[in-house]
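Visitor: Please model the complete structure; the sequences and the hints are all you need to start from.
Protein chains in written order, with numbering that gives the first Met the number 0: chain A, 0 to 376; chain B, 0 to 249; chain C, 0 to 1088.
Quick caveat, the hints were computed from the structure, so don't treat them as lab data. None of the values given here were measured: they were computed from a predicted structure. Each hint should be verified, as a subset may be incorrect.
Once the Cα atoms are required to be at most 20 angstroms apart in a straight line, the calculated EDC-like pairs of lysine to aspartate or glutamate come out as [said to hold, decoys possible]:
no.: 1; chain 1: B; residue 1: Lys236; chain 2: A; residue 2: Glu324
no.: 2; chain 1: C; residue 1: Lys224; chain 2: C; residue 2: Glu197
no.: 3; chain 1: C; residue 1: Lys1006; chain 2: B; residue 2: Glu68
no.: 4; chain 1: C; residue 1: Lys1087; chain 2: C; residue 2: Glu960
no.: 5; chain 1: C; residue 1: Lys444; chain 2: C; residue 2: Asp482
no.: 6; chain 1: C; residue 1: Lys348; chain 2: B; residue 2: Glu225
no.: 7; chain 1: C; residue 1: Lys894; chain 2: C; residue 2: Glu208
no.: 8; chain 1: C; residue 1: Lys876; chain 2: B; residue 2: Glu6
no.: 9; chain 1: C; residue 1: Lys894; chain 2: C; residue 2: Asp460
no.: 10; chain 1: C; residue 1: Lys368; chain 2: C; residue 2: Asp529
no.: 11; chain 1: C; residue 1: Lys1006; chain 2: B; residue 2: Glu66
no.: 12; chain 1: C; residue 1: Lys368; chain 2: B; residue 2: Glu67
no.: 13; chain 1: C; residue 1: Lys873; chain 2: B; residue 2: Glu6
no.: 14; chain 1: C; residue 1: Lys150; chain 2: C; residue 2: Asp1033
no.: 15; chain 1: C; residue 1: Lys348; chain 2: B; residue 2: Glu6
no.: 16; chain 1: C; residue 1: Lys1006; chain 2: B; residue 2: Glu67
no.: 17; chain 1: C; residue 1: Lys203; chain 2: C; residue 2: Asp191
no.: 18; chain 1: C; residue 1: Lys976; chain 2: B; residue 2: Glu68
no.: 19; chain 1: C; residue 1: Lys146; chain 2: C; residue 2: Asp160
no.: 20; chain 1: C; residue 1: Lys899; chain 2: C; residue 2: Asp619
no.: 21; chain 1: C; residue 1: Lys621; chain 2: C; residue 2: Glu893
no.: 22; chain 1: C; residue 1: Lys899; chain 2: C; residue 2: Asp425
no.: 23; chain 1: C; residue 1: Lys593; chain 2: C; residue 2: Glu812
no.: 24; chain 1: C; residue 1: Lys621; chain 2: C; residue 2: Glu905
no.: 25; chain 1: C; residue 1: Lys203; chain 2: C; residue 2: Asp220
no.: 26; chain 1: C; residue 1: Lys976; chain 2: B; residue 2: Glu67
no.: 27; chain 1: C; residue 1: Lys196; chain 2: C; residue 2: Glu219
no.: 28; chain 1: C; residue 1: Lys203; chain 2: C; residue 2: Glu219
no.: 29; chain 1: C; residue 1: Lys368; chain 2: B; residue 2: Glu68
no.: 30; chain 1: C; residue 1: Lys203; chain 2: C; residue 2: Asp234
no.: 31; chain 1: C; residue 1: Lys222; chain 2: C; residue 2: Asp236
no.: 32; chain 1: C; residue 1: Lys368; chain 2: C; residue 2: Glu536
no.: 33; chain 1: C; residue 1: Lys899; chain 2: C; residue 2: Glu208
no.: 34; chain 1: C; residue 1: Lys838; chain 2: C; residue 2: Asp791
no.: 35; chain 1: B; residue 1: Lys236; chain 2: A; residue 2: Glu322
Okay, the calculated bits of chain A under chain B, using three or more residues with CB under 8 angstroms as the criterion [unchecked claim]:
no.: 36; segment: 109–118
no.: 37; segment: 318–326
Backbone N, C-alpha and C fix where the C-beta goes; we use that ideal spot for every residue, glycine too.
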Amino acid sequence: MVLKRIAYAVCVLALLAGAWGLYDRLVYGHQHAAYGSYVVWGLWVAMYLFFAGIAAGAFMIATLDLLFGIPVLRGIGRLALWVALVSLAAALLSIWLDLGHMDRIWKVYLQGSPSSVMAQMVWGYTAFGFLALVCLILALTRPASRLLRTLMIVGLPLSLFISGAVGALLGVQASRMFWHVGLFPVQFPVFSLASGTAAMLVAIGLFGSRQDPLRSEQLRLFSLATVVLTIVKLYFLWADFSQSMYGNVPQNVKAVEAVLYGQYWWAFWILQLLLGSLVPMVVLALPGPSRNGQWAGWMGVLVLVGFAAARANIVFPALTVPELEALTTAFTGPHLTFDYFPSPMEWAVTAGITGMAILAFLIGNDVLPLRAKMEVA
Amino acid sequence: MVVTSQEQDILLRMQDDLRRALEKPPHQRRWVMVIDLRRCIGCHACTVACVAENKLPPGVVYRPVLEEEFGSYPNATRRFLPRPCMQCDNPPCTPVCPVHATYRDENGVVVVDYAQCIGCRYCITACPYAARTFDFGRVYTDGTAEAEGLILGRSRADDYERVANFEYGRPYERLRGEESPIGNVRKCHFCLHRLAAGMLPACTTTCIGRATMFGDANDPDSLVTEMIARTNVIRLKEELGTEPRVYYLV
Amino acid sequence: MAVQERVSQTHSYERNKVSMFSRRDFIKMAGIMYGTAAFLGWRPDFPQLVASQAAATEIPLHSLENQIYTVCLQCNTVCGIKVKLLDGVAAKIDGNPYSPWTMAPHLDYETPFAQTGTVEGAICPKGQAGLQTVYDPYRIVKVLKRKPGTKRGENQWITIDFDTALDEIVNGGDLFGEGPVPGLKESYALKDPAVAKEMAAAVKAILTEKDTAKKLALVEDFKVKFKDYLDTLIDPDHPDWGPKNNQVVFNWGRLKGGRSDFINRFMRDGFGSTNTHGHTTVCQGSLYFAGKAMSEKLVDGKWTGGDKFYWQGDVRNSEFVIFVGASPFEGNYGPPLRVPALTVGATDKGLKYVVVDPRLSKVAAKAWKWLPIRPGTEGAMALALIQWVLDNERYDKVYLAAVNKAAAVAAGNPTWTEAAWLVKLDENGTPTTFLRASEIGLKEKEPRPLSTDPEKTYEFDYFVTLVNGEPVAFDPYADKPEDAVSGDLFVNGIQLGAFTVKSVLQIISDAAHEHTLEEWAEICGLRVTDLVEVAREFTSHGKRACADIHRGVSQHTNGFYNVLAWYTLNALIGNYDFAGGMIKLSTYDAAGGKPGQPFPLSKLNPSAMIPFGTSIIRHDAKYQESVLYARLPEDQRYPAKRNWYPLSSDVYQEVIPSIGDAYPYPVKALFMYMGSPVYALPAGHKLIEILSDPKKLPLFIAFDITIGETSMYADYIFPDTSYLERWEFNGSHPSVPFKVQGIRQPAIAPLTGEVTVFGQTMPLNMEAVLLGLAERLGLKNFGPGGLGEAGDLSHQDDLYLRMVANVAFGEKEDGSDAVPDADAEELRLFEQARRHLPKSVFDPERWKRIVGEALWPKVVYVLNRGGRFQNFAKGYKGNQVANQYGRLINIYQEKTYSTKSAMTGEHLVGYARYFPAPVDVLGRPVEDGAEYDLRLITHREQVMTKSRTSGNYWLTAIMPENVVLMNSADAAARGLKTGDQVKIICASNPDGVWDLHNGVRVPMIGKVKVTEGIRPGVISFALGFGHFAYGGVDFQIDGVLIQGDPRRTRGFHANAAMRVDPYLGNTPLVDPVGGSAVFYDTMVKVVKV
Ligand SMILES: Nc1nc2c(c(=O)[nH]1)N[C@H]1C(S)=C(S)[C@@H](COP(=O)(O)OP(=O)(O)OC[C@H]3O[C@@H](n4cnc5c(=O)[nH]c(N)nc54)[C@H](O)[C@@H]3O)O[C@H]1N2
Ligand SMILES: Nc1nc2c(c(=O)[nH]1)N[C@H]1C(S)=C(S)[C@@H](COP(=O)(O)OP(=O)(O)OC[C@H]3O[C@@H](n4cnc5c(=O)[nH]c(N)nc54)[C@H](O)[C@@H]3O)O[C@H]1N2
Ligand code: SF4
Ligand code: SF4
Ligand code: SF4
Ligand code: SF4
Ligand code: SF4
Ligand SMILES: [Mo]
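Guide: Dropping the structure here:
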């Protein structure tokens, strides 16, 4: 398949870029990062939220097959679990590289603070990762085992919890009005599911087997799910933004305005809204394209890109509003700016991680018997 | 009228206050800082003193002074507002830390354990006062010429940046690696290491406007206690319930 | 730690007490984390329990074993500092609590040193950042020579051995492949002090001869008399130019005592040049020289002996202050000292102040009133206030009426004025000289002994005042109670004998009534009501009010008269020498000028030369007396080619342009020490044209710590020791009431390396160069026996330690003013704190030998405390300051009147009057047309010092660049908003660039900041930015390209947009009387780029 070869090639290039980025990151630490002490979290944290969202969403989807046994989705459980695993790995790698002291990550496990949403989240994701891995192994080796079902039962609420935790991570911050949205923990699982769904569109649409008889129905299902979830997502967005604007809390309004009309307005209007939501919504609502692997797959890609932009638009704007007026000019220096655009090093690392995730997915897709049985049946 | 001052510089008065406070067990003291905005002239001496005392690298600042202009010509004025860490009694920054690396110590001062902090920067996002900054590992002489032997050159010039600072009472040399506090979040700590020696915080000592005052608010005789009983006291973002220990006189 | 252990009890020293802590307290406090946290047992509270007590107690910086008290030089305020050391590295700088600059009241001098390790005063951000000046990566450490074959300013250097460099400078030769360069040897022509003395006397006779023919005849006599020495003269036809020695000029920027003694000993007493010039006029020249004119004394019947000084307010004790063109929160002398007085004064003591400044400075932001005056009309405002005070009779009548000391003393005033003296008017009604009693037959002249030679006498003529309408003769200095005379204040044009006379106060009143209050207000761009309110307030606090003025008053073409007007206003309330009024500085004599002092340096000066002749800047000299003038045809005498400065000195902007014009004579070599006139002076770009031309200036030698905007044009640059590596005696400022002498001393090992001179190893610095030159030239007052009976002057310490000894000994002949001896512990700490210094810098045995065993413990006592500082309580006597000016204040100056301008031939005016600014050196208004519609002014920011802090990255973090401050109305009219870039252009620099004459042109482009805090029609920029050298641009040494750091060049420097004087052509506008270089009188336009 041409597409696959191209995908491999792109991934290898991305890995090369990633290798350079990683080298820079490991030798110069965070010196060449564009995030700083005001825009504290940058691309990597956004990518962490993004990948983690896919991971949780994909797991939820896997339960539809492996736990609930929905007929049309038969056989996609393992694929979804694999998607969950590789994206989780990408997520954790992103966030790990973001730490000031990577070598101290063990402290979160052994000396972690239960009161910290971040600690909870790390624990949750780690547990989730192990669980997903065991589930995948079981699904590959003993698909009918009780243990698998039990683990899936445990995993479902866990995936909800961890994706909610991402919302909570931001939401508990009373001082960041833009994040301090009561419904964030509720919204995030929906976002996760939506991104998981989109990831499945890509996985099945672009890389799934054409011989699979269920493929077009599955695509149709995921397409419709994507449309519905996008509508819900847009509703949330509207609710958040309109409330912010009506509430008229200056910090909040500034953050919203930064998203809508700020330096990166295009990320919102073009990537997130037009390409990431409206276009896929329309296309995927159409019966034809929604069943077509190419169409659906590429729409999935668009939705994911939109999601990446959306993650960024949640993380950065809140941070680009000075907590106190005049902070910008009070003291200047590297990493003391309220403007943020990822540095080449950050892009390179993210490219590497993304490339690695896709590569892992492709290899797994080729090597692991993820859908093999289906085809036989 | 006879001019021989009966006064004492408040720097010495506050050092006396400090001495009394240090005689008490730590939990009975209540360190507070009072900043009289009428006296603050926006000189930034405190900012730089803090940078120098704690050997803060580029991008790290504990106490910037914010400058603003108000009014319209000719009825215009300027205001200068120094912003150390508020040492909140109810700090939003500590509970979010995943590894207990930041917490209120027995003095009620919010500290960062450099050996413990993993550098996730969660606490930065939690602080409503932007009082925390991250140490990205730079030095101010970065980017200057080396030219060994022809001029002083970068590596002979950065000694003063590399020698130890004594935050938290321990020497931290800034070597060329990634040792803490590089990769850590850093913040104002009320100069605990100076308090321990009976010295005022560096920003307080060097405040040429005598705008910054420091002491034990549990001591009825201390200067700060006198000050925070005034009617013109405010605290920043009081509505957030953070209960800052930094008071402003306006 | 030793200090804590030793001093465990609490001491109180009266009010200024220091408390110390026991080790136990210390450990208790050490409740800070960092134990060895057990892996899993880690709990947040765990490390506190194992608090690393050892670590907490062992902060070496807190120990006096690691501290040296010295003096800051990050600006010129000279605050006392303590340098804290870690392994020989200066790790932190804080305030020295013994110094009145950093603490108020400061610690009593007798406070045991051992108790001060943890006590520190307040210093400003620049002081804190001093480490970055010292450890500047771009500091030069090798002697640099302009690469032969390259032009000046091309920034290509070669390193050169110290001795070779000195040999070249002394011997000259074809040093740069451009032809022969005259060495110093060639200019060291006149060597015999006896001949010099005779010649000087002969020249004096020539100058004082009024008759032209006789004068020229005297010149011929001179040539005959000194026929054997004519080759030592610059020009035998102009013997008043002096010897060729004068063709070597030494010019400095920031210079302090000690080094000034060193330089003068070399240049004047040794080399015999009269050309040693400072930078005063770039700074606040007209303030100093108005001060000088106001302090001239009547000695032997002549007005002379004025001090180059000025007054500032003792604002600590003021109830009301008018700050005019002064910026005590951002500049001035200086923030650590004056700020607390103002801030605490305003919050706690009811102090009120008003700030007269076109810009909303930080002090204006805190003021009771901000009066955004129109630049250049400061004198008008003072006269308006004077008018109101006079009209409403709110002046101190008793003070002003006193015409002599006796009357002043009787009223309890330390000073008095000429307010009631009578002045003769000429036929036009112009005030001229004082009426003398003999002129109206009131009292005969009387012979009195000459001060210089009591055997001889001069004729003393009494002055005249009216007492109740009757003329009374008086002696201004009579001090017996029965001689007290108080005169009538207003005498308006009455006839006495052949003369029409007025009283001085009447003359001033006339000047104040040249306009109505409304007109004055209009001129100043202020409101009448504000003027009246300020005048009323000023006269409502007795003597505890003052008008404190600085550069914004003096650096105008009318600077001298602005200053005079404000000082006259102060005189109306008689606040001089009063707490809260106007005071002068006071220092301990380090040069040993007081009887009994152990090392009288001026006497320890074997075969000292007598420098004579007109200086290259023609200061202290009258054009009309010169041979040059006599030789000119009468109709070509005015205007002179360049102005002469009979009333001022250290005319910075005159040095290089005069060299360029070879007026009055050509110069062979220029030494530039710690000055950067190219950067600092208005229109400094014009100097580049001269400096870059070896024909105009054959040899240019600079002492610098980096390659600066001026030293980049030098032929040789000698690296200097920084302020933490050297000696200096810092004197004081008029804002300090106490008698002081802060001493700068080596605190770290020199980064410049060592050299050997006179067989001694010493740091490579300015002194080493002068010693080396002296060795080569054979100057008698250097080297073995250089200090006469006191011994050798082969090492810098030989001079400086003796100066410390002088300070330690004090100023009483019997030694009763000496400081106590340092005790054993102090001695130990002294040596211990200096353990990191190399022997060439600190060698206790050598040091002890220099000052002698007896004085050694006193020297240590002084050095440990960073100098000598009078106790706070001693600074005041009742409601007056203890260190008083205490004499006549010339609000009317006969000497000034008697001086004629070299440009117009007119008499100068000797009292406060308003002259509109700007005018050129000929007195013609400078009008550049409506196109130039904005007045350019400049100011300081607290975080920048002139040309030398742009490499202090802690400071540039706070302020990375400067801006064009512009009122919102002006911005709106030009369609400009904050952040827009504009180029600044004036009539004399229509391109708005610095042409560096090395192919580089630096445009003056800055970012606009729209503000409400500046007067419409005025723009201002902060000093210290827009560098084009100083480590900010690339240069080459020995062929190695050294990259500059662009952080150091940010912002812009608009001095080149300041107006060039239309007549002089290569010099900024000047105050022709006070000598100031003019910073605030240029009209510019801004062009958006
Ligand atoms: N626009 C504008 N210009 C101004 C002013 C203003 O307000 N606005 N103010 C003016 C005033 S008040 C003054 S006093 C002048 C000052 O002007 P100057 O006295 O000429 O100069 P500085 O800028 O103090 O320093 C000049 C040189 O000293 C060198 N230097 C620094 N430290 C040392 C040292 O330790 N040893 C030696 N040998 N050299 C050293 C520096 O490298 C620099 O080249 O500037 C004036 N210029
Ligand atoms: N931070 C800092 N402090 C310093 C120095 C430094 O370089 N940096 N240098 C030291 C030295 S050498 C000096 S001489 C002193 C100078 O100290 P100051 O003379 O007090 O300070 P400047 O800022 O030069 O000028 C004073 C004020 O004059 C105002 N001004 C400008 N034009 C006019 C005018 O036409 N009329 C009136 N009325 N005001 C005007 C300016 O806005 C400024 O606020 O500072 C000393 N202290
Ligand atoms: S000011 Fe910020 S960093 Fe300081 S205690 Fe409060 S929340 Fe924490
Ligand atoms: S940056 Fe350090 S102190 Fe802050 S939350 Fe993370 S681990 Fe805790
Ligand atoms: S208390 Fe210490 S750490 Fe805090 S701002 Fe002041 S100097 Fe900095
Ligand atoms: S040192 Fe004092 S006066 Fe200066 S900015 Fe800081 S608080 Fe204000
Ligand atoms: S005012 Fe600041 S820079 Fe100037 S001498 Fe004092 S401490 Fe140093
Ligand atoms: Mo100056």
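Visitor: Next step is simple, just say for each hint if it's right about the structure.
Guide: Evaluated hints:
no., hint, verdict
1, B:Lys236 x A:Glu324, "holds (13 angstroms)"
2, C:Lys224 x C:Glu197, "holds (10 angstroms)"
3, C:Lys1006 x B:Glu68, "holds (18 angstroms)"
4, C:Lys1087 x C:Glu960, "holds (18 angstroms)"
5, C:Lys444 x C:Asp482, "holds (17 angstroms)"
6, C:Lys348 x B:Glu225, "holds (17 angstroms)"
7, C:Lys894 x C:Glu208, "holds (18 angstroms)"
8, C:Lys876 x B:Glu6, "holds (17 angstroms)"
9, C:Lys894 x C:Asp460, "holds (16 angstroms)"
10, C:Lys368 x C:Asp529, "holds (9 angstroms)"
11, C:Lys1006 x B:Glu66, "holds (18 angstroms)"
12, C:Lys368 x B:Glu67, "holds (19 angstroms)"
13, C:Lys873 x B:Glu6, "holds (15 angstroms)"
14, C:Lys150 x C:Asp1033, "holds (16 angstroms)"
15, C:Lys348 x B:Glu6, "holds (12 angstroms)"
16, C:Lys1006 x B:Glu67, "holds (18 angstroms)"
17, C:Lys203 x C:Asp191, "holds (18 angstroms)"
18, C:Lys976 x B:Glu68, "holds (16 angstroms)"
19, C:Lys146 x C:Asp160, "holds (14 angstroms)"
20, C:Lys899 x C:Asp619, "holds (13 angstroms)"
21, C:Lys621 x C:Glu893, "holds (15 angstroms)"
22, C:Lys899 x C:Asp425, "holds (16 angstroms)"
23, C:Lys593 x C:Glu812, "holds (8 angstroms)"
24, C:Lys621 x C:Glu905, "holds (13 angstroms)"
25, C:Lys203 x C:Asp220, "holds (13 angstroms)"
26, C:Lys976 x B:Glu67, "holds (17 angstroms)"
27, C:Lys196 x C:Glu219, "holds (18 angstroms)"
28, C:Lys203 x C:Glu219, "holds (14 angstroms)"
29, C:Lys368 x B:Glu68, "holds (16 angstroms)"
30, C:Lys203 x C:Asp234, "holds (16 angstroms)"
31, C:Lys222 x C:Asp236, "holds (8 angstroms)"
32, C:Lys368 x C:Glu536, "holds (12 angstroms)"
33, C:Lys899 x C:Glu208, "holds (16 angstroms)"
34, C:Lys838 x C:Asp791, "holds (18 angstroms)"
35, B:Lys236 x A:Glu322, "holds (10 angstroms)"
36, 109–118, "holds (count 8)"
37, 318–326, "holds (count 7)"
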